[in-house]
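Engineer: Protein sequence lines correspond, in order, to chains A, B, C, D, E and F. Residue 1 is where the first sequence starts when you use the numbering used here, and the numbers rise one by one after that. Residue 1 is where the second sequence starts when you use the numbering used here, and the numbers rise one by one after that. Residue 1 is where the third sequence starts when you use the numbering used here, and the numbers rise one by one after that. Residue 1 is where the fourth sequence starts when you use the numbering used here, and the numbers rise one by one after that. Residue 1 is where the fifth sequence starts when you use the numbering used here, and the numbers rise one by one after that. Residue 1 is where the sixth sequence starts when you use the numbering used here, and the numbers rise one by one after that.
Some clues are possibly wrong.
To be verified - Derived Cβ-Cβ restraints for the label pairs, each shown as a range:
no. : chain 1 : residue 1 : chain 2 : residue 2 : range
1   : D       : M1        : C       : A18       : 47 to 53 Å
2   : A       : G52       : E       : G31       : 30 to 36 Å
3   : F       : G32       : D       : K53       : 40 to 46 Å
4   : A       : M1        : B       : K14       : 24 to 30 Å
5   : D       : G31       : B       : A50       : 48 to 54 Å
6   : F       : D45       : E       : G32       : 31 to 37 Å
7   : C       : A18       : A       : K14       : 27 to 33 Å
In case anyone wonders, no lab produced these hints; they're calculated from the structure. Glycine included, C-beta positions come from ideal geometry on N, C-alpha and C.
Number of protein chains: 6
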Amino acid sequence: MKISARNVLKGKVKTIVAGAVNSEVVVELPGGAVITSIITKASVDSLQLAEGKEVYAVIKASNVMIAVD
Amino acid sequence: MKISARNVLKGKVKTIVAGAVNSEVVVELPGGAVITSIITKASVDSLQLAEGKEVYAVIKASNVMIAVD
Amino acid sequence: MKISARNVLKGKVKTIVAGAVNSEVVVELPGGAVITSIITKASVDSLQLAEGKEVYAVIKASNVMIAVD
Amino acid sequence: MKISARNVLKGKVKTIVAGAVNSEVVVELPGGAVITSIITKASVDSLQLAEGKEVYAVIKASNVMIAVD
Amino acid sequence: MKISARNVLKGKVKTIVAGAVNSEVVVELPGGAVITSIITKASVDSLQLAEGKEVYAVIKASNVMIAVD
Amino acid sequence: MKISARNVLKGKVKTIVAGAVNSEVVVELPGGAVITSIITKASVDSLQLAEGKEVYAVIKASNVMIAVD
Chain A
1 MKISARNVLK GKVKTIVAGA VNSEVVVELP GGAVITSIIT KASVDSLQLA
51 EGKEVYAVIK ASNVMIAVD
Chain B
1 MKISARNVLK GKVKTIVAGA VNSEVVVELP GGAVITSIIT KASVDSLQLA
51 EGKEVYAVIK ASNVMIAVD
Chain C
1 MKISARNVLK GKVKTIVAGA VNSEVVVELP GGAVITSIIT KASVDSLQLA
51 EGKEVYAVIK ASNVMIAVD
Chain D
1 MKISARNVLK GKVKTIVAGA VNSEVVVELP GGAVITSIIT KASVDSLQLA
51 EGKEVYAVIK ASNVMIAVD
Chain E
1 MKISARNVLK GKVKTIVAGA VNSEVVVELP GGAVITSIIT KASVDSLQLA
51 EGKEVYAVIK ASNVMIAVD
Chain F
1 MKISARNVLK GKVKTIVAGA VNSEVVVELP GGAVITSIIT KASVDSLQLA
51 EGKEVYAVIK ASNVMIAVD
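Produce the entire structure from the sequences given, and follow the hints as far as they go.
Structural biologist: What follows is the structure in structure tokens.
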């Protein structure tokens, strides 16, 4: 499946914190930067996410803001 | 200003494409990866964005999805 | 690629309206209902979207609201 | 109230899973497809949502992505 | 229709800028503050929005960030 | 830091409800209106949010919908 979302960043799951409904999944990119994601706990189970697993962080361009110092 | 958005990635503006209402701003990260953002044309003007300018791509964690192969 | 977004609805592209930066893509579901999407023009080109093409409308659960009469 | 969100799909609440802050509400559409939503627990209470209740799933067009096989 | 979105702010349309696909609608709140919205041009037409019209700005709580100085 | 998000509303934290992953933060604006936000619990801690603290509610324009009666 190829998706319209413009940002697809490859990395590895670093940590997962599970709540009742949502879970926080931290993805480490190759350079060491991390991307934090909130997805449903059901998706964590469905995708069989676990620490160390290779994943993609996927972000729709309209959800990216720009800031300057 | 410090923001609750968990993802703040430093980079440089690579390209800007302006529409009547929205503009597409592509940010190049240090490692060469790019992040594409859609923000209003008014914000591009207000932040005085231009190619080469140092900026941050800012993303709320609830807007990040995870995908696997 | 399998994605964490909980809502993946199969349909066919009904219409595409292109702007300078964003395009509006209307997807018709099997039952005749339509889903309207705004994605970048670059994604319309990259996915080679055209009327009649089989596609999926993909929606993160945190972006779905509930209303009652 | 009439809203700018382009996608308003009528269905019935199938299941509700409550967390401390957010709840997951699954809506079944007439054809049997389901739409999963994450809203606050306070909204579930305020709208008096319960299994079987007729509701609408409401989605802003800019939050819909398109994918192809 | 009553919606799960937690933030519904009453105001008046101050300005509308139309693009090919999206329009920017600025809403003035009673105290003089303004809220800027990007919705589709089709919705501006469908809701018959015009300067001076009484409207509500509607925001899902998961789309609100918090910042501090 | 100056951000592209068009809506930055100054107020004070009125209440915080913490979940395992997300927290609900209610901000009271000067006129008495309230804005409800869902952010991660980690951000509540990181920004040292507490009742009475001066904060900004920040909202990207593409996440604001318009409704009419």
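Engineer: If you check the beta carbons of A:M1 and B:K14, does the distance land in 24 to 30 Å?
Structural biologist: Check passed, 27 Å falls within 24 to 30 Å.
Engineer: Taking 40 to 46 Å as the stated bounds, is the beta-carbon spacing between F:G32 and D:K53 within them?
Structural biologist: Between F:G32 and D:K53, where Cβ atoms are some 32 Å apart, the hint is violated.
Engineer: Quick check on a hinted range of 48 to 54 Å for D:G31 and B:A50, using CB atoms only.
Structural biologist: Holds: the Cβ-Cβ distance is about 50 Å, inside 48 to 54 Å.
Engineer: Just tell me: holds or violated, for the beta carbon distance of D:M1 and C:A18 against 47 to 53 Å?
Structural biologist: Given a distance of about 31 Å, which is not inside 47 to 53 Å, the answer is violated.
Engineer: Could you check the hint for me, namely that A:G52 and E:G31 are 30 to 36 Å apart, CB to CB?
Structural biologist: violated (52 Å)
Engineer: At the C-beta level, are F:D45 and E:G32 separated by a distance inside 31 to 37 Å?
Structural biologist: With Cβ atoms ~34 Å apart, the hint holds.
Engineer: For the range 27 to 33 Å, tell me whether the beta carbons of C:A18 and A:K14 fit it or not.
Structural biologist: Violated: the Cβ-Cβ distance is about 39 Å, outside 27 to 33 Å.
Of the hints listed earlier, those the structure fails to meet are numbers 1, 2, 3, 7, in rising order.
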